[in-house]
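Engineer: Read off the chains here:
Number of protein chains: 2
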Amino acid sequence: MNESTLSKKEVICNWPFSDSSLSIKANAIREILKVSARPGIINFAGGLPAAELFPETHLKEATEKVFQKHGPKALQYSLTLGIVELRELLSERISTADNKYEPDSIQITTGSQQGLDMIGRAFINPGDYILTEAPTYLGALSAFNFYDARYCTVPLDEGGMRVDLAEDLIKKYKPKVIYVVPNFQNPSGITMSASRREILVELASRYQIPIVDDNPYGELRYSGDPVPSLKALGGDAVISLGTFSKIISPGVRTGWIAACPKVIRMMEKVKQSVDLHSATFPQYMIYEYMLAGHLEKHLEIICKAYHKRRDVMLNTMANEFPAEVTFTRPEGGLFLWVTLPKSIGAADIFDKAIDAGVAFVPGKPFFPHEDNDQHFRLNFCHASEDNIMEGIRRLAKVLNSL
Amino acid sequence: MNESTLSKKEVICNWPFSDSSLSIKANAIREILKVSARPGIINFAGGLPAAELFPETHLKEATEKVFQKHGPKALQYSLTLGIVELRELLSERISTADNKYEPDSIQITTGSQQGLDMIGRAFINPGDYILTEAPTYLGALSAFNFYDARYCTVPLDEGGMRVDLAEDLIKKYKPKVIYVVPNFQNPSGITMSASRREILVELASRYQIPIVDDNPYGELRYSGDPVPSLKALGGDAVISLGTFSKIISPGVRTGWIAACPKVIRMMEKVKQSVDLHSATFPQYMIYEYMLAGHLEKHLEIICKAYHKRRDVMLNTMANEFPAEVTFTRPEGGLFLWVTLPKSIGAADIFDKAIDAGVAFVPGKPFFPHEDNDQHFRLNFCHASEDNIMEGIRRLAKVLNSL
Numbered sequence: 001m002n003e004s005t006l007s008k009k010e011v012i013c014n015w016p017f018s019d020s021s022l023s024i025k026a027n028a029i030r031e032i033l034k035v036s037a038r039p040g041i042i043n044f045a046g047g048l049p050a051a052e053l054f055p056e057t058h059l060k061e062a063t064e065k066v067f068q069k070h071g072p073k074a075l076q077y078s079l080t081l082g083i084v085e086l087r088e089l090l091s092e093r094i095s096t097a098d099n100k101y102e103p104d105s106i107q108i109t110t111g112s113q114q115g116l117d118m119i120g121r122a123f124i125n126p127g128d129y130i131l132t133e134a135p136t137y138l139g140a141l142s143a144f145n146f147y148d149a150r151y152c153t154v155p156l157d158e159g160g161m162r163v164d165l166a167e168d169l170i171k172k173y174k175p176k177v178i179y180v181v182p183n184f185q186n187p188s189g190i191t192m193s194a195s196r197r198e199i200l201v202e203l204a205s206r207y208q209i210p211i212v213d214d215n216p217y218g219e220l221r222y223s224g225d226p227v228p229s230l231k232a233l234g235g236d237a238v239i240s241l242g243t244f245s246k247i248i249s250p251g252v253r254t255g256w257i258a259a260c261p262k263v264i265r266m267m268e269k270v271k272q273s274v275d276l277h278s279a280t281f282p283q284y285m286i287y288e289y290m291l292a293g294h295l296e297k298h299l300e301i302i303c304k305a306y307h308k309r310r311d312v313m314l315n316t317m318a319n320e321f322p323a324e325v326t327f328t329r330p331e332g333g334l335f336l337w338v339t340l341p342k343s344i345g346a347a348d349i350f351d352k353a354i355d356a357g358v359a360f361v362p363g364k365p366f367f368p369h370e371d372n373d374q375h376f377r378l379n380f381c382h383a384s385e386d387n388i389m390e391g392i393r394r395l396a397k398v399l400n401s402l
Numbered sequence: 001m002n003e004s005t006l007s008k009k010e011v012i013c014n015w016p017f018s019d020s021s022l023s024i025k026a027n028a029i030r031e032i033l034k035v036s037a038r039p040g041i042i043n044f045a046g047g048l049p050a051a052e053l054f055p056e057t058h059l060k061e062a063t064e065k066v067f068q069k070h071g072p073k074a075l076q077y078s079l080t081l082g083i084v085e086l087r088e089l090l091s092e093r094i095s096t097a098d099n100k101y102e103p104d105s106i107q108i109t110t111g112s113q114q115g116l117d118m119i120g121r122a123f124i125n126p127g128d129y130i131l132t133e134a135p136t137y138l139g140a141l142s143a144f145n146f147y148d149a150r151y152c153t154v155p156l157d158e159g160g161m162r163v164d165l166a167e168d169l170i171k172k173y174k175p176k177v178i179y180v181v182p183n184f185q186n187p188s189g190i191t192m193s194a195s196r197r198e199i200l201v202e203l204a205s206r207y208q209i210p211i212v213d214d215n216p217y218g219e220l221r222y223s224g225d226p227v228p229s230l231k232a233l234g235g236d237a238v239i240s241l242g243t244f245s246k247i248i249s250p251g252v253r254t255g256w257i258a259a260c261p262k263v264i265r266m267m268e269k270v271k272q273s274v275d276l277h278s279a280t281f282p283q284y285m286i287y288e289y290m291l292a293g294h295l296e297k298h299l300e301i302i303c304k305a306y307h308k309r310r311d312v313m314l315n316t317m318a319n320e321f322p323a324e325v326t327f328t329r330p331e332g333g334l335f336l337w338v339t340l341p342k343s344i345g346a347a348d349i350f351d352k353a354i355d356a357g358v359a360f361v362p363g364k365p366f367f368p369h370e371d372n373d374q375h376f377r378l379n380f381c382h383a384s385e386d387n388i389m390e391g392i393r394r395l396a397k398v399l400n401s402l
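These protein sequence lines are chains A and B, in that order.
So that you can map any letter, position 346 of the first sequence is 346 in our numbering, and since no number is skipped, the others follow by simple counting.
So that you can map any letter, position 359 of the second sequence is 359 in our numbering, and since no number is skipped, the others follow by simple counting.
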């Protein structure tokens, strides 16, 4: 190598990044995960399921079966929609008497996050409005923001989205899509009531607006009565996102979009250009795991454990938190939502909490307009019961000192 | 469920897809793969490596080690850049004396296709030009087209991109990025000469245009002498895309972007919004496979087999094809490129070839402006030697009958 080539090592003075990429904000949760990984910190921040509950033994058995039964096929390129075997099992599993899914109504994705990005890509023109709950899942905002979405937001109460406020927004902003997390919502833990679901699908039908039903936690119910799915009420107006991340393992990154054929045809084209298809091998792992009949039993195990952890967290909070700090009591899922008195900002106490050895996610980035700093999100599934008690005590100390 | 909800089943009459998604053309190769999967067809179409050469036994051992050594960590969410263990091994492997990579100069992707989409996302504003070879990899066009890229194209000859024609195009179109497949190019099989690489990096430096070096086949050389990498000549102006798809397994969908820190920081933000991170489990599989030292020996095995297959295909073509049909003689990679006489269009003979029991990819979609139908691409690695001979004879029959 001569001098002139060596001198070229730092040639690009200003990298010509695109406008859209320059406007991406780092995902707040991923950034907080870096801080909360410090030793000694009890982590209520991320959306991580409990690693000690992963079905390692059965997944190992499933993996052996993948090599035995599928061999090279599990290591080769595969269909853009995802392997047929998994889509067959999955379509049976999510079908009901009134709503039949075919294997071709499913697009396998690299986790739900990719599903959200693909929804953004398939539907949003720059400046289009999306009707969302406020607060809503920040990963969805991160996905939709890239496509220059704008938001019209409906507040939540204990019955979920205040759908009585939705119609005026629909008339005013003509949203392209309605995005909701109806079950054990991220971040609030709130579940939308059956009557509000009926109103929402009626609005969707009347104004011809597809509903994106983001449902990673639907099978993690610990108390209360099941509510009909949006799909059961709204049929083909509903695009459902699901994932194995919270019920088997997030590291296999296997999620799905289930929708009517027209939407799935579009998703297939989108998926071709983004990564051809999701990893084949983990799809076969999940397939063999489900085929062996392990999933339903595993769901019982994790629901039982998460149920206890939720109760431990709620009880400790009730005992230790100052009375003016309130919180939701979710019937399932991973998260609960804390509301601070108006005088206190959640971002302000984040550093104090980290110093005290406990991490949460401040609520602001969950609001599409980032106009509310009065909340934070706690994951009640990830830590052990002992750590939940200790972590909540640490947090209570911070809150009581304000 | 009552009548009024049932009647909502087909509520969305016109799905409000985004303009960009409506303009996506189905990926020609993925569509052809469906046709060429019919029984009895000898398939030279896809970019599939030979499945019977996958290192199944060693990957099975690696998978057992993943469960033994990493357990829950391999099943949990992981870092957006990818698992540290793999990035450490990989950075050592791709570093040279003059070009050191750190683990943090690598972003793991879901195959190279995702790397291409992320490049598009990070650099292209609507209407921006990209300087490419013509023909060039159609998966890259599929990725970049979504971002409304335009193309200024430089023809190829046996020495690769005609870089003597590049400067005028750079002056006229001010391309944002230079995209090249310098080694055993897809689709042509041609390798860019060392002297042209020097000219290209000099142009990149002088006009401040990053080079994207898409290099999935670089380690698959069967004859001829190695050529210095663009990175070795161009240093930090070069963004390199690599993948384990062609050297270990495509089904694990594990590729990477290697670049200077500023670019990788941007890629990390992009990756957060598209899927948080690629699947953890396959990354650990690849890591344990490489750690056990299997990769170099496996490369010898597949290079030996692909070398023979290439020679069988070239020899059969030389014997059987009409003299007016010419073709490239690649020193490596997976593909060779056939040129038809001007009177014959490749798309026209595709159906005849399928009827004769052999599939290829017509060349038109590899041209950014789709202005040339005189070529087709053959994969010489996927079929057995016997099938290569038989498939080329079938194809020769079609060509001789025209």
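Please keep in mind that the hints were generated in silico from the structure rather than gathered at the bench.
A few of these clues could be false.
Which copy? The list can't say, so a pair holds if one copy fits it or any two copies do.
What the hints assert, rightly or not - Capping the alpha-carbon separation at 25 Å, the derived lysine to aspartate or glutamate pairs in DMTMM-like fashion look like this: (1) K34 <-> D355; (2) K73 <-> E385; (3) K364 <-> E268; (4) K25 <-> D128; (5) K73 <-> E61; (6) K73 <-> E300; (7) K73 <-> E31.
Engineer: Identify every previously stated hint that the structure contradicts and give their numbers, smallest first.
Structural biologist: none
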